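Q: Residues per chain are reported as follows:
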Amino acid sequence: MTIREQPRPVLKRRTSRRSDWKVALVFLLPLFVMYGIYYLYSIGFLASTSTTKVSVTFFNSIDVGWRNYVQLLTDPVFIRSMVNNVLFACISIVAALTVAFFIATALATGVRAKRLFYLIFLLPALMPLSLVATIFGSMLTERTGVLNETLRAIGLGALAQPWLTQPGLAFAVVAVIFCYLIGLPIMYYTADLSALPTESLEAALLDGAGTFRIMRSIIYPMMRGTHITIVLSLLLGSFRSLEVVLFSTRGGPGQSTEIVGTYIYGFATSGGPTIGFVSAVSIIVLVIALVLSIAQMVITRPRKDMR
Amino acid sequence: MKFSKTTALVAAAAAAASLTLAGCSAGSTSSGSQIAADAKQTINVWGWAGAPGKDVMAGVISGFEKANPSITVKFTEIASLDYKNKATLALSSKDSIDVVGVSPSAWAADNASYLLPVSKWPNGAALVSKYQPQTIDQMKKLFPDDEIRAVPFGSSGSVVGFYNADLLKKAGLSTPPKTWADFKTLADSLKGTGIVPAVMPSDSWFQDEFLTTLVGQTDPSFWNNIRYNKGSFDTKSYIDALAKYKSLYDDGLFDKSTLDLPYSDAMALFDQGKAAVVFNGSWEAGRLLASYRAANKVQPSDVGAMGVPADSADQVSARSFLDVTYAIPVASTHQAAAEKFIEYTTAGAGVDAWASSLGFIPAEKDWKLPSDLLTTDVETSGYATLQTLIGSPSSDRNNLSNLSAQVGTYILQVVNGTMTPEAAAKQAEADHQSGKYN
Amino acid sequence: MSDTLPTVVGLELEREFAERPNDDKPRQSRNDGPPRRPKRRRRRSRADNPMRGIVTGKADRFTIYALLILMAVLFAFPLYSAIVKSLEVNGIQNYVSLFTDPVGDVPIWQTYLNSLAVGAVHAAIVVTVSVTAGYAFSKLQFRGRELSFSAVLLFLAVPGIAILVPVYRITQELGLFNTYLGVGMPEAAITIPFGVLLMRNYGRNIGDSLIEAANLDGAGHFRIFWNIFVPLSRPAIINLMVLCFIWSLQDFLWPSFLFTDPSLTTAAQAVSTFSSALGRGAGDLARFNASLVVLAVPAVLFVVFGLRFIVNGLTTGSTKD
Numbered sequence: 001m002t003i004r005e006q007p008r009p010v011l012k013r014r015t016s017r018r019s020d021w022k023v024a025l026v027f028l029l030p031l032f033v034m035y036g037i038y039y040l041y042s043i044g045f046l047a048s049t050s051t052t053k054v055s056v057t058f059f060n061s062i063d064v065g066w067r068n069y070v071q072l073l074t075d076p077v078f079i080r081s082m083v084n085n086v087l088f089a090c091i092s093i094v095a096a097l098t099v100a101f102f103i104a105t106a107l108a109t110g111v112r113a114k115r116l117f118y119l120i121f122l123l124p125a126l127m128p129l130s131l132v133a134t135i136f137g138s139m140l141t142e143r144t145g146v147l148n149e150t151l152r153a154i155g156l157g158a159l160a161q162p163w164l165t166q167p168g169l170a171f172a173v174v175a176v177i178f179c180y181l182i183g184l185p186i187m188y189y190t191a192d193l194s195a196l197p198t199e200s201l202e203a204a205l206l207d208g209a210g211t212f213r214i215m216r217s218i219i220y221p222m223m224r225g226t227h228i229t230i231v232l233s234l235l236l237g238s239f240r241s242l243e244v245v246l247f248s249t250r251g252g253p254g255q256s257t258e259i260v261g262t263y264i265y266g267f268a269t270s271g272g273p274t275i276g277f278v279s280a281v282s283i284i285v286l287v288i289a290l291v292l293s294i295a296q297m298v299i300t301r302p303r304k305d306m307r
Numbered sequence: 001m002k003f004s005k006t007t008a009l010v011a012a013a014a015a016a017a018s019l020t021l022a023g024c025s026a027g028s029t030s031s032g033s034q035i036a037a038d039a040k041q042t043i044n045v046w047g048w049a050g051a052p053g054k055d056v057m058a059g060v061i062s063g064f065e066k067a068n069p070s071i072t073v074k075f076t077e078i079a080s081l082d083y084k085n086k087a088t089l090a091l092s093s094k095d096s097i098d099v100v101g102v103s104p105s106a107w108a109a110d111n112a113s114y115l116l117p118v119s120k121w122p123n124g125a126a127l128v129s130k131y132q133p134q135t136i137d138q139m140k141k142l143f144p145d146d147e148i149r150a151v152p153f154g155s156s157g158s159v160v161g162f163y164n165a166d167l168l169k170k171a172g173l174s175t176p177p178k179t180w181a182d183f184k185t186l187a188d189s190l191k192g193t194g195i196v197p198a199v200m201p202s203d204s205w206f207q208d209e210f211l212t213t214l215v216g217q218t219d220p221s222f223w224n225n226i227r228y229n230k231g232s233f234d235t236k237s238y239i240d241a242l243a244k245y246k247s248l249y250d251d252g253l254f255d256k257s258t259l260d261l262p263y264s265d266a267m268a269l270f271d272q273g274k275a276a277v278v279f280n281g282s283w284e285a286g287r288l289l290a291s292y293r294a295a296n297k298v299q300p301s302d303v304g305a306m307g308v309p310a311d312s313a314d315q316v317s318a319r320s321f322l323d324v325t326y327a328i329p330v331a332s333t334h335q336a337a338a339e340k341f342i343e344y345t346t347a348g349a350g351v352d353a354w355a356s357s358l359g360f361i362p363a364e365k366d367w368k369l370p371s372d373l374l375t376t377d378v379e380t381s382g383y384a385t386l387q388t389l390i391g392s393p394s395s396d397r398n399n400l401s402n403l404s405a406q407v408g409t410y411i412l413q414v415v416n417g418t419m420t421p422e423a424a425a426k427q428a429e430a431d432h433q434s435g436k437y438n
Numbered sequence: 001m002s003d004t005l006p007t008v009v010g011l012e013l014e015r016e017f018a019e020r021p022n023d024d025k026p027r028q029s030r031n032d033g034p035p036r037r038p039k040r041r042r043r044r045s046r047a048d049n050p051m052r053g054i055v056t057g058k059a060d061r062f063t064i065y066a067l068l069i070l071m072a073v074l075f076a077f078p079l080y081s082a083i084v085k086s087l088e089v090n091g092i093q094n095y096v097s098l099f100t101d102p103v104g105d106v107p108i109w110q111t112y113l114n115s116l117a118v119g120a121v122h123a124a125i126v127v128t129v130s131v132t133a134g135y136a137f138s139k140l141q142f143r144g145r146e147l148s149f150s151a152v153l154l155f156l157a158v159p160g161i162a163i164l165v166p167v168y169r170i171t172q173e174l175g176l177f178n179t180y181l182g183v184g185m186p187e188a189a190i191t192i193p194f195g196v197l198l199m200r201n202y203g204r205n206i207g208d209s210l211i212e213a214a215n216l217d218g219a220g221h222f223r224i225f226w227n228i229f230v231p232l233s234r235p236a237i238i239n240l241m242v243l244c245f246i247w248s249l250q251d252f253l254w255p256s257f258l259f260t261d262p263s264l265t266t267a268a269q270a271v272s273t274f275s276s277a278l279g280r281g282a283g284d285l286a287r288f289n290a291s292l293v294v295l296a297v298p299a300v301l302f303v304v305f306g307l308r309f310i311v312n313g314l315t316t317g318s319t320k321d
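Chains as they are written, first to last, in our numbering: chain A, 1 to 307; chain B, 1 to 438; chain C, 1 to 321.
Incorrect hints may have been included.
[Stated by the list, open to error] Some chain A residues judged to face chain C by a derived CB distance under 10 Å, without partners named:
| id | residue |
| --- | --- |
| 1 | I135 |
| 2 | L159 |
| 3 | T269 |
| 4 | V285 |
FYI, nobody ran anything at the bench for these hints, they're computed from the structure. For clarity, every value in this text was computed on a predicted model and none was experimentally measured. In this text, a Cβ means the ideal position worked out from N, Cα and C, and glycines have one as well.
Chain A with its partners taken away, still in its complex shape:
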């Protein structure tokens, strides 16, 4: 982001004919070891267990053929959890590109109590997610939650809602938690703002543009690199946000807020003979993740060539 990419060396390195593959092998060895253990072995292991019915003891494994896959792909809850994953990712991206951008920009304009504001806005992102989500869950219960109690106390009792038992509201709650986790985007924007070229800002000021127009039309477009970094990191991270749902709505009500992480987690922690099924889910998720990565590469590649 703050690195302006230098022009590629026009001349090929003189040594480029010589292949460094032996050296490369040494440098890549740690990577191969980690990938070998955690990805290649994993995929093989998953593929072989995914056609069985077995518990986590791996005793008495029963071969069930494709049954796990069939069950999985016809399970509406699994499909919904995939869709939810995508929706939550989109929501957190929108929040990052708007709210986080606004907060970072506003705080960069020299407001008072800036440190306090930073503290408040960055805090949720630097705490364990399980902590944030747990607090949300308990704060939102209908009868005893502090939110409804506060609303009733200040005469807004009509706004008190069954936040966690209405599917629509519960979905919104999870979405809001994702919006609370925009600390990292705020930091990225803050950092980029401090390196902003001044000239265009001054030109805009001379034009007499208003604050929000400058934010929207001048600063926002200048941060394209940061936007891309943020979108990518949120997109890639979206599959990893198990805790947000697990500790707030637990996937409910009626599994309406389930995401892939909680779906797998539920089966994986059951202690029953569900490990074969979990492996099948894992395989499908891996395939999707790989496709997502390929898409990311395809999307970002042409832009590089145009530079």
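Place chains B and C on chain A using the hints.
A: Quick look at chains B and C alone, frame taken from chain A:
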């Protein structure tokens, strides 16, 4: 290159981290090799939270260590939802566990090969004769080949209710409600007070507990059929129970706004005097004790126990089963000491120490509750009610936990009106058939 | 309000956000003073901070404050809620008892030390693997380089939960249950694709001329790597380390599956451990909320005292694409 503050910080952090690491790796290697000292033994005991729980077990352990000065007990308590996974993991990685709490569910059979058959325990046969015969029968249902690999600790029943005696008195009820009509009286008397008639954990596994209790009132063999005889969820009795459950909320006997309260919040609502009855398992029976109430800030001054009301009083019932059992892993290196501990705890002097907290009814033959524990009539009759309910259950509370958790989500949807009882029963049966959950 | 905070904090943050965080790079676009400010607080003028100038009118300023305050209230509400709940029964005693009578067999501060230790393993593995691979992919010529790099990136979006079952098995086979290494390794496996991408992109931006010169001097790849590539990549390495620590702090999945020893409980895991240990009624619930508040304290200290460090790390080495 400038050596900036940041570099210094990173270096410092890395140094600190590596120190920590060095420290911990030294620590972890030492734990594996403790077999050497023969005179002094340390046994590792594993249990899940609330079975019976660390504070209760502390009394048992100190008594045992006093009686057996050469044995030290290290008790590890694991969160109950994590227990099955972690215990499996520990057993399979040959962690040094000497006594492992076995939850009476499908887990026991899955892990049977890690557990030493009781017949091979140094003193196994004699030990078995110390328990009530029906608990040994239940034990046999847990393991595939009639060869028991654990001994019973205690039993519990579910679902039962604990009530705030003062609130019942105010509603004009001298005895706890046995029928839904009585319960309606209670609910009506609380209208406008901000106190809910009943509360229970909204966790989906508990919703399933409640529903199987309701079905058991009209169809006592329902659960045993499913568990042992390939019975179906999609039956008239189950659909009726679902409809009944929904109607309890619709008719104002239960309150929908409590359906988002997880376990601890539900108990807290009762403890704070904001609910007249809390439904849970008999493992929460500690609330019958004045000492427990004082220590845990339970506001109701007198608490009794009751069954889940039914349409007619003679239908009131609960499911019960062994709740905690103890086994010795094959890999244990202190099997004799482990057996000593198990005997002391489940059929010896240690029983009173935990049974007095009322969490479980001991499996030991002829055990009697110390007479001075319960002081008020409400408490005494409450405990008697629990004993009756647990002694003559509708079905075994021998759960398929994962299926329960899944079915519970449908039950909640039925109450919220987003699923019909028929659809929920169909879906539950489809899940049951699928083999995904059990 | 800002004036009430301790000066030392003020200094750190003020410098942080007023300056370009990367001390190494030439300050191309700024028209103000010397790279290091005198260690003394002073109000900045408009010329000092161009961003200051964009708030042109009173109405705009008011709107900005109104929006910020509104959002700050919303953001602070959850913590407020936990504090309220923690004082509902037994009051402040709930906090005292957390320290005198540890919940779930682990002192509460120990959970953060555990997270830190896991983070250190995580960071060490990720940095080692990513820097070496980053060098290979950016500075070495070999057949199939781009292809193998793409293969590495394939795993960029893999969530930890998808390799849960095999990791369980691997940890079992390697005997790594209840070790920091056992949790740090799978965390690292998940972070490595990102780390390699970061280091390779950063490496491509390091001019080849320096390396060529060294090459002509007869320096081998290992010397070039150690004496040129690693020092020049320092900002990216710091970025990576910071992210590793943050991610380890937040990771619930691996510790919850691979740690059974209560004394190893990490901060993220503690939330669920405590909730189970304190799940039995009103007194417990208040105490649980108190534990949540206490668990949040290190994060507060982290932001107050370590923000400069974090943002420094984050910004200096970020990827461009």
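Q: Which numbered hints does this structure break?
A: 2
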